[in-house]
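In the order they appear, the protein sequences are chains G and L.
Just so you know, our numbering puts the end of the first sequence at 191, numbered straight through with nothing missing.
Just so you know, our numbering puts the end of the second sequence at 550, numbered straight through with nothing missing.
Please keep in mind that the hints were generated in silico from the structure rather than gathered at the bench.
Treat the hints with care, as some may be off.
Derived DSSO-like pairs (lysine-lysine); straight-line CA-CA distance at most 30 Å [what the hints assert, rightly or not]:
no., chain 1, residue 1, chain 2, residue 2
1, L, 422, G, 165
2, G, 70, L, 392
3, G, 76, L, 347
From the structure, some residues in chain L lie toward chain G, with a derived Cβ separation under 7 Å [said to hold, decoys possible]:
no., residue
4, 33
5, 36
6, 37
7, 56
8, 263
9, 270
10, 478
11, 547
Beta carbons are placed, not taken as given, at the ideal position from N, Cα and C, and that holds for glycine.
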Amino acid sequence: MKNGYLLLLLIGFNLWSQKQLPDLSLSNLEGKQQSLKNDFTEKDKLYVFSFWASWCAPCINELDEMNDLQAEWKKTLNFEIIAVATDDSRTQKRVMPLVKGKEWSYLVLLDTNQDFKRALTIVNIPYTIVVKNQKIVYIQNGYVPGGETELFEKMKTL
Amino acid sequence: MKNTLIAFFFLFSIPFFAQEKATFFGGFESNAQWYLNDKDLGVQHPENPFRSNNYLFLNYTYKNWSAGIQGESFQEKALLNFNPGYKETNVGTYFVQFKNKKINLTAGYFYEQFGSGLLLRTWEDRALGINNALRGGRIIFKPTTYLTLKGIYGQQRSGFEVSNGKIYGFDSEVALGQALNLEKSEVTLGLSYVGRDETTAVTNPNFNSLTNAFSGRLNYSYNAFYASTEYNYKSKDAILEVRDQIENNFIKPGSALLINMGYSGKGFGWDGTFRRLENMSFFSERTAKGNSYNDKIMNFVPSLTKQHHYNLANIYTYQAQPNVILSDATLVKAGEIGGQIDFFYNFKKGSKLGGKYGTKVSMNFSNWNALAGSFYISNAKDYKTDFFGFGKKYFSDANIEVSKKWNDKWQSIFSYINQYYNKKLIEETYGLVKINILTAESTYRITPTQSIRMLGEHLWADSDKKNWGSATVEFNLNSKFSVFASDMYNYGNDNPDLRNHYYNMGGSFRKNATRIALNYGRQRGGLICIGGVCRFVPESSGISVSLNTTF
Chain G
34 MKNGYLLLLL IGFNLWSQKQ LPDLSLSNLE GKQQSLKNDF TEKDKLYVFS FWASWCAPCI
94 NELDEMNDLQ AEWKKTLNFE IIAVATDDSR TQKRVMPLVK GKEWSYLVLL DTNQDFKRAL
154 TIVNIPYTIV VKNQKIVYIQ NGYVPGGETE LFEKMKTL
Chain L
0 MKNTLIAFFF LFSIPFFAQE KATFFGGFES NAQWYLNDKD LGVQHPENPF RSNNYLFLNY
60 TYKNWSAGIQ GESFQEKALL NFNPGYKETN VGTYFVQFKN KKINLTAGYF YEQFGSGLLL
120 RTWEDRALGI NNALRGGRII FKPTTYLTLK GIYGQQRSGF EVSNGKIYGF DSEVALGQAL
180 NLEKSEVTLG LSYVGRDETT AVTNPNFNSL TNAFSGRLNY SYNAFYASTE YNYKSKDAIL
240 EVRDQIENNF IKPGSALLIN MGYSGKGFGW DGTFRRLENM SFFSERTAKG NSYNDKIMNF
300 VPSLTKQHHY NLANIYTYQA QPNVILSDAT LVKAGEIGGQ IDFFYNFKKG SKLGGKYGTK
360 VSMNFSNWNA LAGSFYISNA KDYKTDFFGF GKKYFSDANI EVSKKWNDKW QSIFSYINQY
420 YNKKLIEETY GLVKINILTA ESTYRITPTQ SIRMLGEHLW ADSDKKNWGS ATVEFNLNSK
480 FSVFASDMYN YGNDNPDLRN HYYNMGGSFR KNATRIALNY GRQRGGLICI GGVCRFVPES
540 SGISVSLNTT F
């Protein structure tokens with residue numbers, strides 16, 4: 034069994050190809066459904082989906098930093114950050130006041146049943162994916178201060 | 000089982016050859032620990048000192064079809080105090096799904112939640128050892144964009160088996176705002192039914208094998224204001240005060256009421272929740288009630304308090320109190336009543352309190368009491384509660400957090416937490432603890448990708464284990480490597496032998512989709528709570544490695 038895992042890991046790494054976003058619809062803070070397949074389709078634009086939760090301190094640090102920097106970044110790069118809240122029903126109600134209180138200017142999607150997170154087999158948050166032309170072109174697992182700079186440098190090469 | 004494994008791996012190899020629009024996602028997580036003897040702490044390592052929990056999840060999508068499988072391996076055994084049903088290597092979950100615009104069909108294991116989950120929620124939380132997915136079938140039908148109908152049937156996962164209770168469910172939700180073309184407001188209405196059918200070993204039971212539960216919910220929002228309510232009712236069923244003891248002459252219904260509202264504008268937001276629970280624990284097997292692994296749990300009854308991320312703020316964590324206990328005149332419970340309020344505010348950049356970068360403030364207050372009423376604790380046990388009556392206080396938590404960026408290099412977060420913890424009522428032991436906690440943390444950026452984070456915490460408690468101090472230093476060498484060291488010290492303990500240090504040190508490395516972490520140190524015994532649900536862990540000492548990756 035262990036060898037099986039290793040084999041699969043190897044297959045997995047070799048098959049690391051640009052994957053299609055899953056075909057899911059998530060609700061935004063206004064209660065409107067957004068389709069991952071049909072609503073993030075501008076050609077060559079980078080869509081940065083950042084998975085977070087209201088109880089996850091590093092996630093909030095990352096989104097705070099990017100919120101301050103994104104106006105500057107947007108001068109040279111065409112991108113949009115989408116904050117995917119994986120909060121379940123215990124904390125989901127805190128998402129809206131937190132986002133407004135922090136004046137984040139992101140589109141926020143609610144992944145309440147964690148279908149999006151599960152479809153990408155994400156284990157831990159913060160977890161950030163960069164999507165270009167509906168394909169996942171970059172993944173960043175975790176966040177430490179400065180991670181946003183690394184992400185931006187990477188995005189310039191995508 | 001081996002054959003199932005092979006069949007699935009074969010299935011997953013198909014997309015590698017079929018080069019059409021197939022998408023494959025895989026994820027792997029491993030948490031391993033080598034337990035050590037620790038004389039000072041008074042712990043001996045368990046029989047199998049090397050233990051690990053491993054999960055491999057594969058998910059494959061082709062056109063309208065998708066399929067997934069999760070293999071799990073607990074070698075030599077699962078980490079301490081996990082459900083003993085998790086043993087050796089086996090297939091944990093699998094599913095096949097067909098989906099188009101109107102219909103979504105799933106066969107196999109699935110995760111589902113109706114409304115807030117007070118009647119039904121199946122989910123996975125590996126750190127807590129919860130995976131209560133239903134094995135069976137689910138139909139989701141969306142005849143129009145504003146109407147969703149769901150039907151489910153299944154048995155709940157328990158270890159690598161399924162529990163005996165059969166679960167039926169139906170849920171409907173209509174978005175009236177969309178249906179009526181309302182511009183600024185949205186109204187959604189939902190109705191659910193959940194049935195649990197479990198034959199009992201009790202002779203001449205005074206309750207039905209089928210327990211019916213109903214729920215109605217309403218969400219309303221108008222511009223930046225929103226409000227929602229949900230009411231749940233569970234039909235009469237036998238009470239269990241003590242594990243495995245079905246009380247055939249103590250038959251009561253259960254109920255839950257949830258009310259939430261909030262308002263947000265630019266730079267501020269508030270949110271308030273009220274909840275009342277009465278006899279609301281719900282398991283797929285009656286006798287599972289009171290098990291310490293959250294095994295066979297059907298509904299999600301989280302504690303509605305702030306989920307703190309500081310070490311010392313997680314020593315006295317509230318757990319929701321949905322259960323009935325009539326043990327003596329000083330210890331009676333039939334549920335809980337209370338609420339919490341959150342407030343977020345941003346002092347703008349350039350304002351007096353905002354400074355150059357703004358100042359972010361968040362406040363939270365929660366308070367929970369037992370239900371008031373009449374309790375009959377003699378032979379014929381019974382109770383009668385007052386609907387809006389507040390009984391003895393279980394818990395309260397008032398806290399404020401201020402986050403401030405001083406300049407490009409320095410950033411700080413300060414918080415103060417005041418807690419009231421009625422240990423006797425919450426844990427059914429003895430004691431009442433009043434707690435104050437102060438924390439201060441600062442992050443200094445040495446270079447754009449190199450930083451150091453320092454965190455100091457202090458807890459004052461008037462009884463129980465009394466005072467604690469804690470310090471953490473984290474050094475991020477670059478965006479890939481981090482190392483940390485921390486210590487929690489129970490210096491105020493009345494018993495000098497219990498003035499323990501809980502030190503930890505370790506490092507982590509991350510690259511793209513992979514993260515690996517190494518840790519050496521001591522684990523404080525107690526509850527580990529995630530998302531308001533808790534698991535008990537014993538004190539231990541050792542080395543742990545965790546790895547997670549997606550591919």
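Now the hints, each set against the structure:
no. : hint          : result
1   : L/422 x G/165 : 53 Å, violated
2   : G/70 x L/392  : 49 Å, violated
3   : G/76 x L/347  : 36 Å, violated
4   : 33            : 17 Å, violated
5   : 36            : 27 Å, violated
6   : 37            : 28 Å, violated
7   : 56            : 5 Å, holds
8   : 263           : 4 Å, holds
9   : 270           : 5 Å, holds
10  : 478           : 4 Å, holds
11  : 547           : 4 Å, holds
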